[in-house]
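Chemist: Same order as they appear, the protein sequences are chains A and B.
Everything in the first sequence is counted per the working numbering, starting at 1 for the first residue and increasing by one.
Everything in the second sequence is counted per the working numbering, starting at 1 for the first residue and increasing by one.
A hint or two may mislead.
Claimed, not checked - Now the stretches of chain B that chain A is said to cover, found in silico as 3 or more residues with beta-carbon under 8 Å:
(1) 19 to 25
(2) 103 to 115
Claimed, not checked - To give an idea of the interface, some chain B residues facing chain A are shown, with a C-beta separation under 7 Å as derived from the structure:
(3) ASP9
(4) LEU11
(5) LEU12
(6) GLY15
(7) ALA84
Stated by the list, open to error - Non-contacting residues of chain B with respect to chain A, defined by C-beta distances greater than 12 Å in every case (computed):
(8) ASP47
(9) GLU133
(10) ARG174
(11) ILE186
(12) LYS192
(13) LEU193
These are calculated hints, taken from the structure and not from any lab test.
All of these numbers come straight from a predicted model, not from anything done at the bench.
We treat Cβ as the ideally placed atom computed from N, Cα and C, and that holds for glycine.
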Amino acid sequence: MPAHDAPPATAQEPARPWDVFARARTALDAFEHLVGGIGTAILALITLLWLVFTAAACLFGVGLFLVPGTLRALRAVAGRERVRLSRWGPEVIGPGPSPTGLRQAVADPATRREVGWVASHALLGTVLGLVGLTLPLTSATDAAFPLWWSFVPPSEATPSLGLWTVTDWPGAFAVSLLGIGWFAVTLAVAPGMARLQAWPGRRLLTPPPGTDLVTRVAELTATRAAALDAHATELRRIERALHDGTQNRLVAVTVLLGASRRAVSRGSADADALLERAQDAAEQALAELRAVVRGILPPVLADRSLTDALSGLAGSCPVPCRVDADVEGRFAASVEATAYFVVAEALTNVARHSGARAASVTVRHRDGRLWLKVTDDGRGGADEHGGSGLAGIRKRVEALDGVLTLASPPGGPTTLEAGLPCGS
Amino acid sequence: MRIVIAEDDPLLREGLALLLRAEGLDVVATAGTPDVFLAAVDEHRPDLAIVDVRMPPTHTDEGIRAAVEARRRQPGLAVLVLSAYVEQAFATDLLADGSARLGYLLKERVGRVEEFLTALERVADGGTAIDPEVVAQLFARTRPDTRLDRLSPREREVLALMAEGLGNAAIAERLVVTDGAVHKHIRSIFAKLGLAPADGTDRRVAAVLRHLNDAHRRA
Numbered sequence: 001m002p003a004h005d006a007p008p009a010t011a012q013e014p015a016r017p018w019d020v021f022a023r024a025r026t027a028l029d030a031f032e033h034l035v036g037g038i039g040t041a042i043l044a045l046i047t048l049l050w051l052v053f054t055a056a057a058c059l060f061g062v063g064l065f066l067v068p069g070t071l072r073a074l075r076a077v078a079g080r081e082r083v084r085l086s087r088w089g090p091e092v093i094g095p096g097p098s099p100t101g102l103r104q105a106v107a108d109p110a111t112r113r114e115v116g117w118v119a120s121h122a123l124l125g126t127v128l129g130l131v132g133l134t135l136p137l138t139s140a141t142d143a144a145f146p147l148w149w150s151f152v153p154p155s156e157a158t159p160s161l162g163l164w165t166v167t168d169w170p171g172a173f174a175v176s177l178l179g180i181g182w183f184a185v186t187l188a189v190a191p192g193m194a195r196l197q198a199w200p201g202r203r204l205l206t207p208p209p210g211t212d213l214v215t216r217v218a219e220l221t222a223t224r225a226a227a228l229d230a231h232a233t234e235l236r237r238i239e240r241a242l243h244d245g246t247q248n249r250l251v252a253v254t255v256l257l258g259a260s261r262r263a264v265s266r267g268s269a270d271a272d273a274l275l276e277r278a279q280d281a282a283e284q285a286l287a288e289l290r291a292v293v294r295g296i297l298p299p300v301l302a303d304r305s306l307t308d309a310l311s312g313l314a315g316s317c318p319v320p321c322r323v324d325a326d327v328e329g330r331f332a333a334s335v336e337a338t339a340y341f342v343v344a345e346a347l348t349n350v351a352r353h354s355g356a357r358a359a360s361v362t363v364r365h366r367d368g369r370l371w372l373k374v375t376d377d378g379r380g381g382a383d384e385h386g387g388s389g390l391a392g393i394r395k396r397v398e399a400l401d402g403v404l405t406l407a408s409p410p411g412g413p414t415t416l417e418a419g420l421p422c423g424s
Numbered sequence: 001m002r003i004v005i006a007e008d009d010p011l012l013r014e015g016l017a018l019l020l021r022a023e024g025l026d027v028v029a030t031a032g033t034p035d036v037f038l039a040a041v042d043e044h045r046p047d048l049a050i051v052d053v054r055m056p057p058t059h060t061d062e063g064i065r066a067a068v069e070a071r072r073r074q075p076g077l078a079v080l081v082l083s084a085y086v087e088q089a090f091a092t093d094l095l096a097d098g099s100a101r102l103g104y105l106l107k108e109r110v111g112r113v114e115e116f117l118t119a120l121e122r123v124a125d126g127g128t129a130i131d132p133e134v135v136a137q138l139f140a141r142t143r144p145d146t147r148l149d150r151l152s153p154r155e156r157e158v159l160a161l162m163a164e165g166l167g168n169a170a171i172a173e174r175l176v177v178t179d180g181a182v183h184k185h186i187r188s189i190f191a192k193l194g195l196a197p198a199d200g201t202d203r204r205v206a207a208v209l210r211h212l213n214d215a216h217r218r219a
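Model the full structure from these sequences, guided by the hints.
Modeler: Set out below in structure tokens:
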């Protein structure tokens, strides 16, 4: 999969020259990417400084202790950029776990490429991001120039770049025209700038040509094994639930029924109490059977759409929850079942642990993936290792070769996002 | 008859104890794990143990292993194994050291109280009780080229009931024939399976075991 030469998704929309709205939309997308790029660029800058510091410290020996942590930080920051780029372009596949020592790191081509990326993105990414931010501000201030120029001291009445000093109204309107010109320039160059800002990442964070397929195959093999494992675990769980739960309850029913028949034939008064216990056991069996079936494939998905099913989930959530689903048609049963499971578990967490007053579920179909986002305004601090079902969510998402990100700073808000490949 | 019950499902354990006590049997202890069960056997020296196959911690064959261990500690202890499903390997594991005082029944047979009590008594008295389902499965798996192929349909029926652990009179009653007819069938079965009358072992058990082993090897 040649990840780096495919055009980004936003460029695929044919922006006809006279279609201002389409252009504006493309430019807006580009701004979003540029701003996001500033985020990773600042991280890259910090990482770059830290790398230099570690390298310097290594000269004195003490830096060697910092190497593993630095390498992990490098991989984490690069990983963040990979996720960002994958969200709006072809997927950027990352390498496996980071090397642990200096020697392996130097020998590892992926790490060397990541260092190159950190350097170029820290500089180029920051500059492009800042320019990209300044452009619309400039065009807005200049376009509005006739509204405010008379209120500032004459010496400061200049266009944004301070090219000349304006002294009269025609001059002010000329600046306004300049602002409109800036706007046109912005529309024209923003998408290109966003692509340029992403370029080092698309170039250097993808596996080097040649290892591409190997990595992909390794990753697919791993996820396939995980899928089979998850499948086997699932089957074992169902078997256990049926055997030790439902079946034992039904056996108890037959035992108690047998006992009550004997009691009846003896004319003993115990028969009614025994029958009541038998009935209890039968009801328990039914309840357990329902739970098992629900866990396999929620019946609601069989005859209603995913959106309806998720609305049902949101409706039964004790925390007020809004569903914003913009998807059409049906997906593969495994994708829908996993989506349902993810949202159900996430909302259970929201209700149990977050203390949130409101939650929202967003569903989108983009770039061949079904994206699910569950957000709440609770206290945050959700931990994947805290036994809150998040590990189970990750397992099920990864079994489908999907991605899962969790952001839950202390104090909230908590955002859980899952992307499930759905083949279209 | 003093009985110890080992069953990890509390509802079922209490149900069983309730049933047996109502029938006037002496349930001296109940256990939810193999360890508690073995301790109870050591303490009470029961006549019979009723053991569930699946028990903690792994819920696979702990019950069978506990039963084998209990018989090692107390030779001659009658054991009736209850299982949620038929697993031939369990049956052959259990019967490896002979079939006297052993039973292997599906759990739901307990609900047919009269038959269950008969099986219980038979096992306690030194006999065998093998679930019809187990026997049926063994017959179903038998390939046409085995020695059993030489048996007539009626003889197969008789062998199946023998495998369940029934005596001649009980078999005659079940098939609605005379004792003499059953006797004739059994002699014919022994002859066809090559079990000589001079053999010291219990030929009934030998016939069943040969059949079990045969089917197990081919499965």
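Chemist: Decide, hint by hint, whether the structure agrees.
Modeler: Against the structure, the hints:
1. 19 to 25: With 3 residues closer than 8 Å to chain A, the segment 19 to 25 of chain B meets the three-residue bar; holds.
2. 103 to 115: That given contact holds, which follows from 6 residues of the segment 103 to 115 of chain B lying within Cβ reach (below 8 Å) of chain A.
3. ASP9: 4 Å, holds
4. LEU11: This interface hint holds because 5 Å falls under the 7 Å limit.
5. LEU12: 5 Å, holds
6. GLY15: 4 Å, holds
7. ALA84: For ALA84/B, the interface hint holds, since the closest Cβ of chain A sits about 5 Å away, which is under 7 Å.
8. ASP47: Label holds. Min Cβ-Cβ 21 Å, cutoff 12 Å.
9. GLU133: The assertion about GLU133/B holds, with a minimum of 14 Å to chain A.
10. ARG174: 20 Å, holds
11. ILE186: Since the minimum Cβ distance to chain A is about 32 Å, ILE186/B lies beyond 12 Å and the statement holds.
12. LYS192: With a cut-off of 12 Å, LYS192/B remains clear of chain A, as the shortest Cβ separation is near 38 Å.
13. LEU193: 35 Å, holds
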